[in-house]
Amino acid sequence: MKKLINIPNDVVDEMIDGYVKAHPKLVRKLNENKRSIVIASETRENKVGVLIGGGSGHEPAFMGYVGKGMADGVAVGNIFASPPPDPIVAATKAIDKGNGVVYIYGNYAGDLMNFGMAAELAELEEDIDIEFVVVNDDVASAPNNEKEKRRGIAGEFFVTKVAGAAAEKGYSLKEVAEVARQTNNVTRTMGVGLSPCYLPQTNEPSFTLENNEMEIGLGHHGEPGVEKGELQEADRVADRLVQDILNDITISKGNKVAVLVNGLGSTTKMELYIVFRRVEQILAEKSIEIYRSYVGNYSTSLEMGGCSVTLTKLDDELTELIDAEANCPMYAQL
Amino acid sequence: MKKLINIPNDVVDEMIDGYVKAHPKLVRKLNENKRSIVIASETRENKVGVLIGGGSGHEPAFMGYVGKGMADGVAVGNIFASPPPDPIVAATKAIDKGNGVVYIYGNYAGDLMNFGMAAELAELEEDIDIEFVVVNDDVASAPNNEKEKRRGIAGEFFVTKVAGAAAEKGYSLKEVAEVARQTNNVTRTMGVGLSPCYLPQTNEPSFTLENNEMEIGLGHHGEPGVEKGELQEADRVADRLVQDILNDITISKGNKVAVLVNGLGSTTKMELYIVFRRVEQILAEKSIEIYRSYVGNYSTSLEMGGCSVTLTKLDDELTELIDAEANCPMYAQL
Amino acid sequence: MIAYTTDQYKQYLYDVIEMIEKEKDYLSDLDRKLGDGDHGVTMSIGWQAVKEKLDNELKDEMDGGEISKVVAKTFLNAVGSSVGPLYATGFLRGSKVLKGKSELEDQDLFEFWIAFGEGIKERGQAEVGDKTMIDTIDPFVQSIKLQKDSQSFLHAMDNALREAEKGMLSTKEMISKKGRSSRLGNRSKGFQDPGATSVYLIIEYFQKSLSSVK
Amino acid sequence: MIAYTTDQYKQYLYDVIEMIEKEKDYLSDLDRKLGDGDHGVTMSIGWQAVKEKLDNELKDEMDGGEISKVVAKTFLNAVGSSVGPLYATGFLRGSKVLKGKSELEDQDLFEFWIAFGEGIKERGQAEVGDKTMIDTIDPFVQSIKLQKDSQSFLHAMDNALREAEKGMLSTKEMISKKGRSSRLGNRSKGFQDPGATSVYLIIEYFQKSLSSVK
Ligand SMILES: Nc1ncnc2c1ncn2[C@@H]1O[C@H](COP(=O)(O)OP(=O)(O)O)[C@@H](O)[C@H]1O
Ligand SMILES: Nc1ncnc2c1ncn2[C@@H]1O[C@H](COP(=O)(O)OP(=O)(O)O)[C@@H](O)[C@H]1O
Ligand SMILES: [Mg+2]
Ligand SMILES: [Mg+2]
Ligand SMILES: [Mg+2]
Ligand SMILES: [Mg+2]
Chain Y
1 MKKLINIPND VVDEMIDGYV KAHPKLVRKL NENKRSIVIA SETRENKVGV
51 LIGGGSGHEP AFMGYVGKGM ADGVAVGNIF ASPPPDPIVA ATKAIDKGNG
101 VVYIYGNYAG DLMNFGMAAE LAELEEDIDI EFVVVNDDVA SAPNNEKEKR
151 RGIAGEFFVT KVAGAAAEKG YSLKEVAEVA RQTNNVTRTM GVGLSPCYLP
201 QTNEPSFTLE NNEMEIGLGH HGEPGVEKGE LQEADRVADR LVQDILNDIT
251 ISKGNKVAVL VNGLGSTTKM ELYIVFRRVE QILAEKSIEI YRSYVGNYST
301 SLEMGGCSVT LTKLDDELTE LIDAEANCPM YAQL
Chain H
1 MKKLINIPND VVDEMIDGYV KAHPKLVRKL NENKRSIVIA SETRENKVGV
51 LIGGGSGHEP AFMGYVGKGM ADGVAVGNIF ASPPPDPIVA ATKAIDKGNG
101 VVYIYGNYAG DLMNFGMAAE LAELEEDIDI EFVVVNDDVA SAPNNEKEKR
151 RGIAGEFFVT KVAGAAAEKG YSLKEVAEVA RQTNNVTRTM GVGLSPCYLP
201 QTNEPSFTLE NNEMEIGLGH HGEPGVEKGE LQEADRVADR LVQDILNDIT
251 ISKGNKVAVL VNGLGSTTKM ELYIVFRRVE QILAEKSIEI YRSYVGNYST
301 SLEMGGCSVT LTKLDDELTE LIDAEANCPM YAQL
Chain V
1 MIAYTTDQYK QYLYDVIEMI EKEKDYLSDL DRKLGDGDHG VTMSIGWQAV
51 KEKLDNELKD EMDGGEISKV VAKTFLNAVG SSVGPLYATG FLRGSKVLKG
101 KSELEDQDLF EFWIAFGEGI KERGQAEVGD KTMIDTIDPF VQSIKLQKDS
151 QSFLHAMDNA LREAEKGMLS TKEMISKKGR SSRLGNRSKG FQDPGATSVY
201 LIIEYFQKSL SSVK
Chain G
1 MIAYTTDQYK QYLYDVIEMI EKEKDYLSDL DRKLGDGDHG VTMSIGWQAV
51 KEKLDNELKD EMDGGEISKV VAKTFLNAVG SSVGPLYATG FLRGSKVLKG
101 KSELEDQDLF EFWIAFGEGI KERGQAEVGD KTMIDTIDPF VQSIKLQKDS
151 QSFLHAMDNA LREAEKGMLS TKEMISKKGR SSRLGNRSKG FQDPGATSVY
201 LIIEYFQKSL SSVK
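Residue numbers (the UniProt record's numbering), protein chains in the order written: chain Y, 1 to 334; chain H, 1 to 334; chain V, 1 to 214; chain G, 1 to 214.
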């Protein structure tokens with residue numbers, strides 16, 4: 001896989017460098033830690049801080065979602081590797097306005113340990129209250145009765161969106177965490193992979209597939225899926241993804257949802273809209289209302305091919321928060 | 001190349017279908033022509049219409065740039081094929097508010113003929129005044145003394161941005177066209193391809209490259225570039241692209257520019273920011289101020305790998321127009 | 001000569017449709033060397049749309065002018081692209097010649113193809129030597145024009161096709177000046193132009209159609 | 001026994017660094033089957049950062065506790081990931097045992113490796129059978145614990161390594177329950193866990209280091 005990079009081990013630092021130079025009015029890097037990025041403008045006094053983070057390679061996630069109405073800070077890890085505690089703590093200190101910070105991250109061993117250690121440090125040394133929101137929207141990663149084992153994938157976008165909007169609206173620490181957890185509870189994602197990604201350092205494909213195969217329920221770090229299947233038409237793929245979600249969570253006639261059709265990297269917007277078209281048909285048949293749609297690369301796996309479908313069941317509170325304005329370098333909503 | 005599609009010949013219609021269903025508050029398809037999409041909200045009376053269009057396969061261009069502060073309508077062609085006159089005329093009629101419509105399209109034989117025929121029809125049959133803005137920012141496609149032969153590529157984003165903002169601000173037909181042409185005059189793009197794209201119907205690579213090769217100055221429909229070169233580090237690629245631009249247009253110490261580092265499809269945002277980082281270094285060395293930066297997939301070539309760099313030299317008027325708010329399904333700016 | 005009927009004209013169009021399906025990969029391959037690789041795709045989309053019209057709306061249509069006009073509009077709207085306006089203009093200009101006619105005499109055929117070729121040339125604004133379909137169609141038109149008052153159309157066609165073929169083959173060594181491949185400069189040398197090829201096939205098939213009538 | 005000096009300990013760390021560079025592709029290959037394919041990358045990034053410290057800041061450091069603490073912090077901050085906290089906690093716990101010591105007796109070595117293994121286990125909260133590095137490190141710790149009062153450390157190491165190896169190999173047939181590969185369920189069977197492998201190599205190299213001292 002040819003890549004436009006310099007030295008493989010430098011990609012993350014150089015990306016961050018380019019990122020903060022590209023958007024100096026929106027984000028800045030902390031002097032204290034080169035892997036901590038925070039919102040450039042002063043945030044409102046007393047506002048609850050929202051901190052996101054995780055491995056790199058998912059851009060725009062997570063780095064791209066720092067901004068008004070979204071996260072106040074991000075800790076950036078190596079590719080597909082949780083950030084260590086230091087950048088998390090540094091960002092925590094920078095964004096705390098006295099009312100604590102909510103950590104949002106995916107349910108991965110590495111993130112759990114690193115964010116956990118960081119929270120201990122922040123609470124002990126800096127007396128900052130921390131709340132955890134662990135995202136686990138990936139239906140494929142464990143059965144319904146073992147939800148606590150599920151991974152966090154594209155649905156983290158909605159969780160961040162809601163938490164960011166809630167914090168902006170003046171929710172308290174507990175309330176922000178609560179509504180973010182609630183969003184996670186009503187969010188489900190199911191993905192399919194068509195082609196692998198390549199780590200810059202190894203340049204090896206994350207999995208191998210025959211020409212007529214796809215990986216169903218793959219991880220968003222190129223981890224193999226739960227099942228290989230024959231590549232099918234987009235409509236059949238969408239059927240499968242939506243069915244798996246609806247088998248897992250009750251969304252009924254008259255319910256409102258937000259939909260995210262997320263590209264994993266090299267899949268074109270054309271394809272994503274073709275998949276969305278079918279998702280809309282299925283939901284319309286069931287009289288489920290799509291309140292708002294997001295179609296594009298919201299959480300990628302380097303240049304992996306494929307997509308995921310996320311549904312979030314909306315109540316009135318979530319609807320309002322999903323609708324709120326947001327302004328980040330890689331995502332803006334009016 | 002595996003694709004998430006149904007029937008290859010249906011991809012454009014299905015994409016449009018998905019697109020308008022995903023963003024009903026922002027865009028709608030005309031009953032008169034299934035390849036014409038216009039802004040969903042009523043635009044201001046007397047506002048000059050801005051119409052864009054071209055082949056599909058460049059998403060978010062052009063379809064994605066319909067919205068407040070950008071284009072009022074788009075005519076969507078087959079993949080890499082100009083739309084025929086009918087959808088152009090239909091969209092023209094729908095968006096004309098009595099003060100005429102500016103057509104913005106790239107300098108390609110097909111677009112010139114089809115938009116030209118459409119303008120004749122719109123003027124003759126509907127008495128609508130039309131102004132043409134033909135974008136030709138691609139430095140590689142012809143030497144400086146044959147600028148009229150140059151193609152339009154990613155720079156069309158800036159031209160559309162400026163025209164959309166000008167129309168929104170109440171510029172007259174001639175003024176919108178004038179400032180858009182002016183933007184085109186001070187815009188230069190240079191691109192590099194690392195991997196080909198595949199038309200859904202042929203599923204053949206648009207070009208073939210060895211593992212250590214890149215196409216310099218490629219067309220944004222997968223046309224071969226002007227020159228094959230050895231794949232180099234991102235910094236050297238950026239050096240080459242920026243140098244070719246600065247050899248073509250005088251941008252001096254103290255000048256302000258807008259920068260677009262555009263991904264062609266499968267190149268990650270990580271790589272684009274690494275390229276941006278170097279672009280910023282070069283310009284900083286020359287004391288050229290980057291006023292605003294855009295990094296991401298703004299005009300793709302299906303799943304092609306590679307990127308382009310666009311520089312637009314800004315005066316005060318362009319600065320203000322580039323800064324204006326925009327709200328489209330695939331791009332929003334606050 | 002026996003007059004050429006519009007039924008035979010429609011059969012000719014069906015033959016073109018079939019031929020395009022056979023040749024579409026070849027045409028796309030040529031375009032891949034020089035342009036965006038879709039010439040076979042655009043031609044196929046356009047002619048398949050024409051087929052749909054022939055099968056339905058044009059089933060009982062006997063007016064050669066009407067048939068040509070529908071072919072022109074259908075092709076244009078299905079295709080867009082560069083070749084949409086080019087071929088559409090060709091058929092539209094031809095339709096004026098055939099208007100109201102259901103049996104075509106030699107004179108009609110001469111005029112049809114002259115109008116067809118000149119229409120394309122006018123639309124594309126390309127010159128001989130630019131490496132486009134003009135390199136096929138211009139010598140073809142010149143040749144039938146010269147023979148118009150002295151030869152049967154079938155005979156004229158034999159000579160004109162030889163000129164067209166020479167023109168088509170000459171595009172191989174040309175440097176592109178119009179269309180997508182113009183950016184390639186010298187790299188465009190060595191490859192035959194796809195449009196010059198498709199238009200050659202289209203006129204060649206008309207000769208075949210005529211010959212089978214005799 | 002001759003006491004193990006912190007110079008030798010540093011040499012051991014250099015040996016591990018060299019070993020990781022040799023094995024990194026293998027470790028990434030294992031992780032590609034089960035996880036995100038980066039275990040060799042993370043280990044290499046971490047140990048290269050440690051090397052930088054050994055070459056500079058730790059050049060004249062003789063306190064085994066200080067060395068271990070710097071190794072722990074450096075590794076953690078360079079790596080993050082799952083293994084960052086795991087190995088860092090191992091070295092951090094070990095550093096408490098070695099604090100203030102520049103010559104390590106058998107007793108210190110026993111306590112260092114017990115603290116190291118228990119630290120990892122506590123951090124990761126995984127059980128034997130979950131298909132993680134615990135499957136290597138837990139039997140290893142159990143074994144040296146049992147031998148602590150009756151054997152020399154070198155001798156105990158021989159036995160413990162055999163247990164560790166068995167543990168490492170047993171991960172092949174396990175179904176993942178912790179870490180990225182747990183989603184794979186049955187598809188995780190047949191592949192050896194990368195973390196179980198890297199930690200085996202790390203303790204195996206300690207035995208090599210010890211043996212070369214004797
Ligand atoms: N201005 C022109 N005049 C005549 N023929 C042209 C012109 N521009 C392009 N062509 C023809 O069009 C052909 C390409 O057609 P096609 O691939 O279908 O369209 P596109 O270039 O839009 O992809 C070229 O091979 C050339 O013969
Ligand atoms: N909770 C845990 N306890 C112990 N070891 C773990 C745990 N989670 C993961 N591991 C180990 O980490 C290894 C993977 O490490 P690595 O690939 O470097 O990190 P990541 O999983 O973040 O990509 C696994 O092979 C496993 O042995
Ligand atoms: Mg990892
Ligand atoms: Mg084309
Ligand atoms: Mg073409
Ligand atoms: Mg891993």
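Incorrect hints may appear among the rest.
What the hints assert, rightly or not - No more than 25 Å apart at the CA atoms, straight line, and that leaves these computed lysine-lysine pairs for DSS-like:
no.	chain 1	residue 1	chain 2	residue 2
1	H	K147	H	K169
2	H	K286	Y	K25
3	Y	K25	H	K68
4	Y	K68	H	K2
5	Y	K29	H	K286
6	H	K228	V	K33
7	V	K69	H	K34
8	H	K174	Y	K2
No wet-lab data here; the hints were simulated from the structure. Since we're looking at a predicted model, the values are computed, not measured.
So, going through the hints one by one against the coordinates:
no. : hint              : in the structure
1   : H/K147 <-> H/K169 : violated (30 Å)
2   : H/K286 <-> Y/K25  : holds (21 Å)
3   : Y/K25 <-> H/K68   : holds (23 Å)
4   : Y/K68 <-> H/K2    : violated (38 Å)
5   : Y/K29 <-> H/K286  : holds (24 Å)
6   : H/K228 <-> V/K33  : holds (14 Å)
7   : V/K69 <-> H/K34   : holds (22 Å)
8   : H/K174 <-> Y/K2   : violated (46 Å)
Consistency note: the structure conflicts with the earlier hints numbered 1, 4, 8.
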